[in-house]
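Quick note, the sequences are listed as chains A and B, same order. Numbering follows the working numbering, with no gaps: position 205 of the first sequence is 205. If you count the second sequence from 1, you need to add 297 to reach the working numbering.
By construction, these hints were calculated from the structure, which means they are not laboratory data. One or more hints might be untrue.
Stated by the list, open to error - Over the 12 Å line for every Cβ pair with chain B, so calculated as not near, a few chain A residues:
1) PHE89
2) GLN124
3) MET126
4) ALA199
5) ILE287
6) ASN289
As the list claims (entries may be wrong) - Dumping the calculated DMTMM-like pairs for lysine to aspartate or glutamate here, alpha-carbon to alpha-carbon at most 25 Å:
7) A/LYS161 / B/ASP443
8) B/LYS447 / A/ASP63
9) A/LYS46 / B/GLU386
Virtual Cβ for every residue (Gly too), placed ideally from N, Cα, C.
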Amino acid sequence: MRLNRKFFLQIFFILILLILGWAILNNLIINLSRTGIGFNFYWLSKPAGFSLAEQPLRYSPSDTYAWALFIGWINSLKVIFSSLVFATFIGILIGFARLNKNSLIGLISAGYITVIRQTPLLLQLMFWYFVGFLNLRNNTFLNFKHLINFSIQGIDLFGIKFSSEFSALLFGLSIFSSAFIAEVIRGGILSVPFGQWEAFRSLGLSERKGFIKIIIPQALPAFIPGLTSQYLNLAKNSTLAIAVGYSDIYAINDTIINQTGRAIECFIILLSSFLILNLLITNIMGIINKLIIRSRK
Amino acid sequence: MRRFLCLISLFSLLLTGCSKNDQENISRLSLIQKRNQLICGVSGKIPGFSFLNSDGKYEGFDVDICKAFAAAIIGNTKNIQYRPLTATERFLAIKTGDIDLLSRNTTFTLSRDSLGGNGLTFAPIVFHDGQGLLVKKDSGINILKDLANKSICVGSGTTTEQNLNDTFETLSLPYTPIKYQDLNQVIAGYLQGRCSAMTSDRSQLAAARSSFKNPANHLILDVVLSKEPLAPASSGSEQQLADAMRWVVFALISAEEKGITQSNIENKVELAKNNPKLKPLRRFLGIDGGLGEKIGLSNDFVINVIKATGNYGEIYDRNLGKDSRVSIPRGLNKIYSKGGLHISPPFN
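Based on the provided sequences and hints, a complete structural model is requested.
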């Protein structure tokens, strides 16, 4: 009897949620058709008619809106995942440096974290782009047999070209997130009881070996939740790309909304893309977390 | 259990209630008059059209058009709320009812005017513009072909972006568009040298150039990529407001044609009142005919408008004329009797 009641409670709760969701959607559709706009996705198969600066795949203005959005999505993923890697790398370095006994290194990294964390990302991106990358001139001292070439058009690394917009965004996002990741790393390491340090020292392990073999494995589970939320933030922050002229999915959405007037459909696409991406990140981090816990058993 | 059933029925009541809009039966025009305030969407960033002056107040051509609407609809220009909007935000702001009308150098196009597109209705064209390209004088770029394979800075979410693409595609010229959300970023990108050219409406290029350090070093190319008729807009489902806006713009043009200005309006009113033979003038100023009532305004709305802003020519000269900071030759924007394109249907 008790179980039955609980079961019905849950069914009712789900019903209420469904009714609520249906009512909101229905309201929206009614209101939209009342203003004569309607709600559909047929326009996705029409030709886009605008060109793009960043094209990881073949794209021409006569391709469809759907394809243009897909290109934008690839551009977003490109910048999200590369800055994710860079941010983690820089973040770990800074996080370790912050704990260094050498007070100069500690001070510099503390200063880095303070400055980066305390200023808005949008400002930083504008700074890297308009003050940094757009002031690069073709200069010979950075030219090494034309293998690495810096110019206002972007960076040319061994024949692979990165536009100024991409580079500025990558740079800005990586540096911004790295400051937060550094704090996550520091917090994780400090969460290991000090007795563990004393224990490996008394066993005669060297500082480096003890740190890698004893401290890091115990700190790892504490890294994961913090890292996950930083990665999620990074993915979401990438939509600031439009400020520096990078054609990510948000910027392309902007153009499409203007051309088609399909603001609600476009935002639904945008929101669900990010929802899926972030669920993916959360799940991957969850799997990593499980692997770490299992390896400790 | 019964409690839950009650809850559900309560919820469904609540939600079916939501889908009926109580304000639906009151037109936007009456709503503006009832709240005695006009909410006007502007750009806020284009010298000469709408920008913050040193007193922190909005001024410019688009702002004066807003004032003309306010004078006609609510009878004063004090109760106007200006909302600065980006190119992308502007249509959504009308759709959601955040603003009453848009006076933000918006190009009149079919898809924006139609229910199948953005669902707006446009008032008559207030400024005939054309899209142009701004380049540095020493760059050696003189015609479109010189821009092949070059980067061009452009604002995203504008007709400009589409025209640029159409033009270059027709000529089979490859180019790289660098898109920014904001005109100020487009200018910064261009000045920093990221792009060889920037494109926008020629009036905006002139306005932007006037704020450069050395305006003489920059050249607006002779080529015109498109016609850009700029017009105020409002929601497509608000017929009354659209009618009122349409005739306010025509009143500004008619007043210039009839030689009625801010300074002589009182005399003209006296003249019309004492002279029953001047039928067209009497109708125009609302002494006869009751034209204002037909579009939901007071009969003397033209008098209010001219007192507040002056006629079309006065608005133009104040903001874009020779003595203003942004000087744009009137060209196509003269009234038809002087060789321009502005004409008003009769006030009958």
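Status of the hints after comparison with the structure:
| no. | hint | in the structure |
| --- | --- | --- |
| 1 | PHE89 | holds, 28 Å |
| 2 | GLN124 | holds, 15 Å |
| 3 | MET126 | violated, 8 Å |
| 4 | ALA199 | holds, 56 Å |
| 5 | ILE287 | holds, 37 Å |
| 6 | ASN289 | holds, 38 Å |
| 7 | A/LYS161 / B/ASP443 | holds, 24 Å |
| 8 | B/LYS447 / A/ASP63 | holds, 22 Å |
| 9 | A/LYS46 / B/GLU386 | holds, 23 Å |
Of the numbered hints given earlier, the model fails hint 3 alone.
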